[in-house]
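Peer 1: The primary structure of each chain is shown beneath.
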Amino acid sequence: MTLLLALILLPLAGAVVVALLRGNERAAKFAALAFSLVELVLAAVAWIVYDPAGPRLQLTSSVEWIPAFDIRLSFGVDGIALVMVAVIALLTPLVLGFSWRERIPTGRTHGGFFSLLLVQQALTVAVFATTDVFVFYVLFELMLIPMYFLIGGYGGPQRQYAAVKFFLYSFLGGLIMLASVIGAYAYAARATGQGTFDWARLTQILGDAPLGVQVWIFLGFFLAFAIKAPLVPLHTWLPDAAEQAPIGVAVIVVGVLDKVGTFGFLRYSLPLAPDASQVLAPLVLVLAVLGVLYGSLQAFGQVDLKRLIAYVSIAHFGFIALGIFAFTSQAQIGSASYMVNHSIATGMLVLVIGMIIARGGSTRIDDYGGMAQVTPLLGGMLLVAGLSTLSLPGTNSFISEFLVLIGSFATRPVYTVLATLGMVLAAVYVFRLYQRVMQGPVSGNALIGAAGGPGAATDPNLLARGAENASGGAYRAGIGDLDAREIAVLAPLVVLVIVLGFYPEPMLEVITPSVEATMSEIGVTDPVTSQGGN
Amino acid sequence: MTSSFLATPAPVQAAQGPLQTNAWLMIALPLLGAVVLLLAGRRANGWGHLLGCATVIGSFVYGLALFASVGSGPAHELALYSWIPVNALQVDFGLRIDPLSLVFMLLITGVGSLIHIYSIGYMAHDQQGRSGARNTERRRFFAYLNLFVAAMLILVMGNSFVMLYLGWEGVGLASYLLIGFWQQRPSAAGAATKAFVMNRIGDVGLALAIFLLFAQLGTTQYSEVFARAGELSPGVLLAIALLLLLGACGKSGQVPLQAWLPDAMEGPTPVSALIHAATMVTAGVYLIARANPLYTLSPGGQLAVAVVGAVTLLVGCLIGCAYDDIKKVLAYSTVSQIGYMMLAVGLGPAGYALGIMHLLTHGFFKAGLFLGAGSVMHGMNDEVDMRKFGGLRRYMPITFATFGLGYLALIGFPFLSGYYSKDAIIAAAFGQSGWQGWVFGGVAVLGAALTAFYMTRLMLMTFFGERRWESLRTAGGEKFHPHESPAVMTAPMIVLAIGSVAAGLFFTSGDRLVGFLTPALGELQEGHGALPHLVIQLLTVGFAALGVLAAWMFVGRKRVAVERPQRVSLPVRVARADLYGNAFNRAMVVRPTSWLTRGLVHVDRQGVDGAVNGVAALLGGGSRGLRRWQSGFVRSYALSMLTGGVLLVAAMLTVGAP
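Chain order of the listed sequences is B and D.
Number 534 marks the last residue of the first sequence (full-length UniProt numbering); no jumps.
Number 658 marks the last residue of the second sequence (full-length UniProt numbering); no jumps.
I should point out that these hints are in silico values taken from the structure, not numbers from a laboratory.
Note that beta-carbon positions come from the ideal geometry of N, C-alpha and C, so glycine has one too.
Accuracy of the hints is not assured; some may be wrong.
[Stated by the list, open to error] Here chain D is said to cover these stretches of chain B; the calculated rule only asks that three of the stretch's residues, wherever they fall, bring their Cβ under 8 Å from a Cβ of chain D:
#, region
1, 416–423
2, 439–446
[To be verified] Stretch-level coverage of chain B by chain D, calculated; a stretch enters the list once three of its residues show a Cβ under 8 Å from a Cβ in chain D:
#, region
3, 100–110
4, 299–311
Using the sequences and the accompanying hints, generate a full structural model.
Peer 2: Next up, the structure:
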């Protein structure tokens, strides 16, 4: 069994164990955490084992599934898939740690919740790791099921609506993609007399396909990925899902699940339809820039903390799409690293906001004010997450955004200049958020109000610690600064934000060969060399 | 004509010897201080401020040693490691040690050390925090101040435009944190956000300039960009020059991005002295001077810089005349003095070094003036309204003396610092050919008169005249007890006063500074103006004297009303409203954006999402069907999966297996 298969099967095994332990909440929680930590170690080993100078797909394995159609359970990772697998492995234990004391709807258990999270992890790893286009489709749809239950079973008051909306959107996108998958198979069958779903062979065959064929294949994939990554105007499922999902699940949705879309652009859209990708690039670029500006303005206008994050992500996905369809190595490497850095930055932002909500019990921005005086450490964490979100130099996200923009400028200056305005808007929505929640006098229903009232804290542990703060003054009992568990959840992310901001080379080194391979497959070269461009 | 200015770029050497190859320590020391202070928590409350001072002083000492060992000469490059390596784009985490960066290193760490020491006293009694949290506040303050010094050093020591950008936004963050230091005050929080956002508008310009440089030359490193600047077409050069200027306007509070700087006075006064007077806000001037090989090739770019400088210096002066808040007057004075520096570097090879010289002398006297203002506030219960001051010279003699010397230096009193540096700029402005000489020179002389007016007004209202505070009460309902500040505060003020007096003479004797900077900025070109130098000198001193006289006529002779007169002439009203800069921004940018946002939020909910739900309802067989989806039958997902499966099999069959 390869390391990669272990990375897929381990969380599944964990999910079974945790589900069996459901009677004992404590044991179930620790078992889930243990499995996720072993998974993290395995992912680290995979990163070390992966040789950037080696073949594109590594840790490969392949088993026959449906011989009649040459469908094989093939797995293998390139640099981009590898870093995504690593990010999932990193975020899952943090999500478990965060959700340790989350209030769960009556009748449900942490064991069930954690078990589903592990299933989700296994399927998501598999989506990034498969190298069979048909299996990719199956996993793309299958992945929706645990997420449907996670949102619909454990979410907020409107959870059913949000879950169904999420499911239908993604599922319909997937069905349209299926048409393209089958189309690709059929074309291969006609062109070579032997149909295949093998990704590497399909890219070779379809690379020479006439533009008309490519356009249809491109559009099918594009719709599925544009829903998943959400590009405006196909984005409206995300704010609802983020608002209704429990915080831990929201981390997975905006941190990992969305990336399947942008990953799909890089792994499937470009190589399977290289000519169509370039011909239709302006369409994507318009949506990308629209996403940056529209998402940023929406984020600015939101009154709900969780919806705000969803729109921030939509703006960031605009940057990623811009970089992918600008067709320079800097921009595409920027986009690929943006996927990782966005997971870290936005994942941290969601977690911090979850910690705010756990204290105030409200998701409305207006219910908070001056919180940094009560919880200075939490305030600092929101600032760090915010700075990474607005891509301040010295944070991880800067590297990606800078690469995307500097790379895109060379081929698409007008789109890039427009997208660069997103930098200003990001400063506006981040600092406005910080100002309203953390600065000014302590105020807002969530912070001042009778304990146990409408804005009661949801975390019983925090309520217990309220007494020691009660002497402090005006704010409500029950609101304390970060505890050890919360610090342990956020600390790794803070370290990554700064380390990857100053020393991104280890990640760029892994990503670069895969992007370069894609570039050469589709036959484009950088306009700018070290001797200057144009 | 331009090509004759373009001396072959000075050769670049690799850093040699342990002193040069470890120059990163200068940045690492204050950065370490910041990290320790932020992580150590309450444990560091007792000694945090000492660590903060020690790291910056250590950095200053290192800077002195580096200065002594390198001296004037070619640039020394030090690549620490590969920061952003992606094919053609190779950005090193690299430093450049040359005369220009050396003078900034000394300015930043030197003035920085003095202000760190001053802050020990100034922040000792900070009552803004919650009870028992006093020293926590001071520790946090020193952490941010250390962070600022580190970022500012990166800004000036970096060897590429991307390194500059790292420091550029880093100081923006430090500035944000320090303006909003008293974050429970809504006004401070608002000012901090405003400062960062307006700076970011400028930063977009800087970022686009970097993108353009990379697209054209494939590099962002100074040495390569400057060596190959000649390959750029005039249009591209002009675009880069204007984009860099936009960045400079944001950081340096120049028109049209000046509105954040006066608001930034919400920060503690040492911050105003260090960041919003002596160092960070002069980064725009540094940027233009650093990019001098590009500007020298772009006469249009130079002209734009000079125009921005000239306009700003007048705007700053005019508004400064109308304010009663001592810190805001000094803030607009800073806006205006940076206008002089921009005007100077906008004159091209005739002015780069002069702009830097004024930047350095201004660093001394304006930092001293702000510390003096802080000392006055310290003795006056944090009061900033000059109408409530008066006759303070007897109560705080050291503050009065040091502030007075700073004042004289600023208005260009003969043989003090400002006299030399401002006079040189005015002469260079007159030295321009054609209309430019008359316009820029005339504006600069007019500015000198206005500067003398508003500063004399400030002196008279604060230190002279009637003791208006005697009949007033503090916000807490007590009497004012003005008193001199402790030695830990007055000592830095004395040092800066000495600098205000002597720096100009020191820099100019034997053209010491200009000569030192020549390898980085090129030979200083002498202008051939219509007026002889002596006439210009007499004109400048004469205009300044007129300003002093006018201030005495309008303010000194009269009683100053404690309440601000409301029935004032139109020019005063316009000046009090910041020449309607903020009103313009609100009307043209802020309000339209928030309308747009509100509209879009509505559209997103009702329009985009509504359309989606509508389509879903149609497909699902009317709204009843949709409601069934929402009603929570988990089984329905299974149904859709089944549908998908059936579709799949059907599709496979129609395509047909081989």
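Peer 1: Next step is simple, just say for each hint if it's right about the structure.
Peer 2: Verification of the hints:
no.: 1; hint: 416–423; verdict: holds (count 5)
no.: 2; hint: 439–446; verdict: holds (count 4)
no.: 3; hint: 100–110; verdict: violated (count 0)
no.: 4; hint: 299–311; verdict: holds (count 3)
This entry does not satisfy hint 3, going by the numbered hints stated previously; all others are met.
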